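Place chain B on chain A using the hints.
Number of protein chains: 2
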Amino acid sequence: MIGIFDSGIGGLTVVKRVFEILPGYQILYFGDTARTPYGGRSREVIQKYALEDAEILIENGAKIIIIACNTVSAVAFDFLKEKIKLPIFEVVTPAVEKAIQITRNKRIGVIGTRATVSSKIFEKLIHEKNPQIQVFQNPAPLLVPLVEEGWLKKPETRMIVKKYLLPLKLKQIDTLILACTHYPFLKEIIQRKIGQRVKLVDPGEAVVLIVKKFLTQNPEIEKSLIKGGNHQFMVSDLTPKFQEIAKNWLGREVKLGEIKIK
Amino acid sequence: MIGIFDSGIGGLTVVKRVFEILPGYQILYFGDTARTPYGGRSREVIQKYALEDAEILIENGAKIIIIACNTVSAVAFDFLKEKIKLPIFEVVTPAVEKAIQITRNKRIGVIGTRATVSSKIFEKLIHEKNPQIQVFQNPAPLLVPLVEEGWLKKPETRMIVKKYLLPLKLKQIDTLILACTHYPFLKEIIQRKIGQRVKLVDPGEAVVLIVKKFLTQNPEIEKSLIKGGNHQFMVSDLTPKFQEIAKNWLGREVKLGEIKIK
Numbered sequence: 001m002i003g004i005f006d007s008g009i010g011g012l013t014v015v016k017r018v019f020e021i022l023p024g025y026q027i028l029y030f031g032d033t034a035r036t037p038y039g040g041r042s043r044e045v046i047q048k049y050a051l052e053d054a055e056i057l058i059e060n061g062a063k064i065i066i067i068a069c070n071t072v073s074a075v076a077f078d079f080l081k082e083k084i085k086l087p088i089f090e091v092v093t094p095a096v097e098k099a100i101q102i103t104r105n106k107r108i109g110v111i112g113t114r115a116t117v118s119s120k121i122f123e124k125l126i127h128e129k130n131p132q133i134q135v136f137q138n139p140a141p142l143l144v145p146l147v148e149e150g151w152l153k154k155p156e157t158r159m160i161v162k163k164y165l166l167p168l169k170l171k172q173i174d175t176l177i178l179a180c181t182h183y184p185f186l187k188e189i190i191q192r193k194i195g196q197r198v199k200l201v202d203p204g205e206a207v208v209l210i211v212k213k214f215l216t217q218n219p220e221i222e223k224s225l226i227k228g229g230n231h232q233f234m235v236s237d238l239t240p241k242f243q244e245i246a247k248n249w250l251g252r253e254v255k256l257g258e259i260k261i262k
Numbered sequence: 001m002i003g004i005f006d007s008g009i010g011g012l013t014v015v016k017r018v019f020e021i022l023p024g025y026q027i028l029y030f031g032d033t034a035r036t037p038y039g040g041r042s043r044e045v046i047q048k049y050a051l052e053d054a055e056i057l058i059e060n061g062a063k064i065i066i067i068a069c070n071t072v073s074a075v076a077f078d079f080l081k082e083k084i085k086l087p088i089f090e091v092v093t094p095a096v097e098k099a100i101q102i103t104r105n106k107r108i109g110v111i112g113t114r115a116t117v118s119s120k121i122f123e124k125l126i127h128e129k130n131p132q133i134q135v136f137q138n139p140a141p142l143l144v145p146l147v148e149e150g151w152l153k154k155p156e157t158r159m160i161v162k163k164y165l166l167p168l169k170l171k172q173i174d175t176l177i178l179a180c181t182h183y184p185f186l187k188e189i190i191q192r193k194i195g196q197r198v199k200l201v202d203p204g205e206a207v208v209l210i211v212k213k214f215l216t217q218n219p220e221i222e223k224s225l226i227k228g229g230n231h232q233f234m235v236s237d238l239t240p241k242f243q244e245i246a247k248n249w250l251g252r253e254v255k256l257g258e259i260k261i262k
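These protein sequence lines are chains A and B, in that order.
Just so it is clear: in the first sequence, position 113 is 113 by my numbering, and no numbers are missing.
Just so it is clear: in the second sequence, position 142 is 142 by my numbering, and no numbers are missing.
Rather than coming from a laboratory, the hints here were simulated on the basis of the structure.
Mixed in with the good hints there might be a few duds.
With a straight-line cut-off of 30 Å between C-alpha atoms, the simulated DSSO-like cross-links for lysine-lysine are [said to hold, decoys possible]:
| hint | chain 1 | residue 1 | chain 2 | residue 2 |
| --- | --- | --- | --- | --- |
| 1 | A | LYS187 | B | LYS154 |
| 2 | B | LYS154 | A | LYS241 |
| 3 | A | LYS163 | B | LYS153 |
| 4 | A | LYS169 | B | LYS153 |
All of these numbers come straight from a predicted model, not from anything done at the bench.
Isolated chain A, as found in the complex (with noise of 0.2 Å):
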């Protein structure tokens, strides 16, 4: 199985890039909605709450591991690399790279939240790649608990979107990374108040092609994947939000369950 975890449910947004990207292949999906939202936490417990997470997802049976989790990638996937035997991906670097492809004058902008944003991870991999591009940064830590809250089109979510991007429509970017997976909820507003020539970069669909190109050079771990529908989305703690907004965004009925965190 392909197994992905994130703090909640923005992990759902890479879920839907596997469906498309990688359709066939079974997957356990893994939310920690007991401890969400990881994105104002500290590095340290970040750390803890990852690593017991992807150690649910391999007792489960993941043979890989995507990190569907902004903040997880940013402040403990070397952390986890060292934890974890299994191949595991992370979102950073693949979305760092198709921004620096994409960009004309080199000017990225990213939103993220605070621990993502603190970390610095993408000034650093994007100016080891390229010392010239200039990166804007602001976090946007509301767009989290909205989209949990299902507020995808109010005017109050525009305006906070709207007041999040300000800073970096004025530093004239051509390049916005959504540095955190529940953004892509958010995409279409997110387009309108940075402007149609901003193109929007989406971590999600970056590691998903990263992970199919993987899995073509590895055929070994390739045929150890389960294929087959019988997804599993657990979390561990399941409200009726998560299940309302997992069967919205997915578009289909889905195998929801619960693990709970020792």
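Here is chain B on its own, set in the frame of chain A:
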């Protein structure tokens, strides 16, 4: 020590009331910032977290405990009362009693987290005392992240408050229970949006008055409390944001520390 716990920073509004109404007693505060917010989680998860929080206070010397969280009071008080041997106080009953005293037109409004509202505890307790009172509830979950972000006076916050209060305003309530300890941070906006004629009930104030009475009636417990200003504010994840809000809200420098959840 008087032990006070909350899922995060909301309980600081109760601390402020303790400073005003019970000055001189040493406070031990614990905010479970590594797992905040509780308000959208299931009953079972909230009970587990609440018991762990209370045990941390007891291990560190609390002699009485105030649950400075409506969500925990609403869904985990009976559970905690069975497990904990110390005097323990919750914020729901005192708020209910006060609201019943205040209302003239017998129409009481309640705003709270999703878990608090779904518990229907306010409705149940009010009807036990007076079945003729009508209770109108509305969950207001986004107010917690708005407060945690420090967006106390932004236009978006005003709009969201207005949206949450409108259904209650239409019901012509004359009393509104702020059934989440985060909400007193937004007291002015709430008062303006619901109208000056509506009386607000702050459960934090109500519970501290009850504790004061209890201490007068139980001198042996009152004597066991340490006096002095050496308050301790502990959280499960110490972030700069918490430090900033604690300092601003309490209007003084406070000693902050971290106690990890195992």
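**Request:** Starting from LYS163 of chain A, check that the Cα of LYS153 of chain B is at most 30 Å away, please.
**Result:** Within the cut-off at roughly 14 Å; holds.
**Message:** What's the verdict on LYS187 of chain A and LYS154 of chain B, does the C-alpha distance respect the 30 Å limit or exceed it?
**Reply:** The given pair, whose Cα atoms are some 24 Å apart, holds under the 30 Å limit.
**Restraint status (C-alpha distance of LYS154 of chain B to LYS241 of chain A at most 30 Å)** = holds (27 Å)
**Asked** Going straight from one Cα to the other, do LYS169 of chain A and LYS153 of chain B come out at no more than 30 Å?
**Response** Holds, at about 24 Å.
Violated hints for the displayed structure: none, as all numbered hints are satisfied.
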